[in-house]
Amino acid sequence: SAVISQKPSRDICQRGTSLTIQCQVDSQVTMMFWYRQQPGQSLTLIATANQGSEATYESGFVIDKFPISRPNLTFSTLTVSNMSPEDSSIYLCSGTTDANEKLFFGSGTQLSVL
Amino acid sequence: QKEVEQNSGPLSVPEGAIASLNCTYSDRGSQSFFWYRQYSGKSPELIMSIYSNGDKEDGRFTAQLNKASQYVSLLIRDSQPSDSATYLCAVNFGNEKLTFGTGTRLTIIP
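Protein sequence lines, in the order shown, are assigned to chains A and B.
For the first sequence, the positions run 1 to 114 when the numbering used here is used.
For the second sequence, the positions run 1001 to 1110 when the numbering used here is used.
In short, the hints are calculated from the structure, not lab data.
Computed from a prediction, not measured in an experiment: that's the story for all the values here.
Where a beta carbon is used, it is the ideal one built from N, C-alpha and C, also for glycine.
Certain hints may be false.
Keeping only pairs whose Cα atoms sit at most 30 Å apart, straight-line, the calculated BS3-like set for lysine-lysine is [claimed, not checked]:
1. 65(A) - 1042(B)
2. 65(A) - 1002(B)
3. 1002(B) - 1097(B)
4. 1067(B) - 102(A)
5. 65(A) - 7(A)
6. 102(A) - 1097(B)
7. 102(A) - 7(A)
8. 1056(B) - 65(A)
9. 1067(B) - 65(A)
10. 7(A) - 1097(B)
11. 7(A) - 1067(B)
12. 1042(B) - 1002(B)
13. 102(A) - 1002(B)
14. 1097(B) - 1056(B)
15. 1042(B) - 1056(B)
16. 1042(B) - 7(A)
17. 65(A) - 102(A)
Some chain B residues flagged as far from chain A (calculated, every beta-carbon gap over 10 Å) [said to hold, decoys possible]:
18. 1011
19. 1013
20. 1043
21. 1053
22. 1055
23. 1058
24. 1060
25. 1066
26. 1080
27. 1082
28. 1083
29. 1099
30. 1102
31. 1103
32. 1109
From just these sequences and the hints, can you work out the full model?
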């Protein structure tokens, strides 16, 4: 498995601002994903980060709110735009290196929006 | 709608006993199944994967899969306090993505 470094680990932000979360993998991964985990909830997939092209978003998530970049096979960013308190959550990036989709995760970003 | 269901618990098990965690899923054609452990404030870590019917053992952990019943379980033998965590069941419904259940919170009582 690979190791994913995710930053920041936590942040407190003001309503209406944006935060960019970065993930760096120590080896090439085939797929990268961004998940959200709200307090006491399970993981909800936001989008698949596609290398060199636009991300594929799940129902309920849109590019204007959660722009994602993946310029190469080891790096991706997620921006949470125009934040509101409802965006307070843990955001997790993840990746897989095999066809059976064994996912491994970054350490997560705990976001609080005031 | 592809769904993964788990009993949210909490499930309390005495130290040394067997903890049994259960998961059902909605699509009989699913091929890949995973159990993740998540400690409070930490990210999920993969502990077991299973792809075919039957049992798969890894140390104190045994994953059991019954595709006909759309059921996957995780047994933890000789439970330790360090096993106290939330256990997430995840299923690949054939679309290269994992869908997670809501998780079962397990507490091992010393």
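Results of checking the hints against the structure:
no., hint, verdict
1, 65(A) - 1042(B), "holds, 25 Å"
2, 65(A) - 1002(B), "holds, 25 Å"
3, 1002(B) - 1097(B), "holds, 11 Å"
4, 1067(B) - 102(A), "holds, 19 Å"
5, 65(A) - 7(A), "holds, 19 Å"
6, 102(A) - 1097(B), "holds, 10 Å"
7, 102(A) - 7(A), "holds, 22 Å"
8, 1056(B) - 65(A), "violated, 42 Å"
9, 1067(B) - 65(A), "violated, 38 Å"
10, 7(A) - 1097(B), "holds, 23 Å"
11, 7(A) - 1067(B), "violated, 39 Å"
12, 1042(B) - 1002(B), "holds, 26 Å"
13, 102(A) - 1002(B), "holds, 19 Å"
14, 1097(B) - 1056(B), "holds, 22 Å"
15, 1042(B) - 1056(B), "holds, 26 Å"
16, 1042(B) - 7(A), "holds, 14 Å"
17, 65(A) - 102(A), "holds, 28 Å"
18, 1011, "holds, 16 Å"
19, 1013, "holds, 21 Å"
20, 1043, "violated, 4 Å"
21, 1053, "holds, 16 Å"
22, 1055, "holds, 18 Å"
23, 1058, "holds, 13 Å"
24, 1060, "holds, 20 Å"
25, 1066, "holds, 19 Å"
26, 1080, "holds, 23 Å"
27, 1082, "holds, 19 Å"
28, 1083, "holds, 19 Å"
29, 1099, "violated, 8 Å"
30, 1102, "violated, 4 Å"
31, 1103, "violated, 5 Å"
32, 1109, "holds, 22 Å"
Checked against the numbered hints given earlier, the structure breaks hints 8, 9, 11, 20, 29, 30, 31 and satisfies all the rest.
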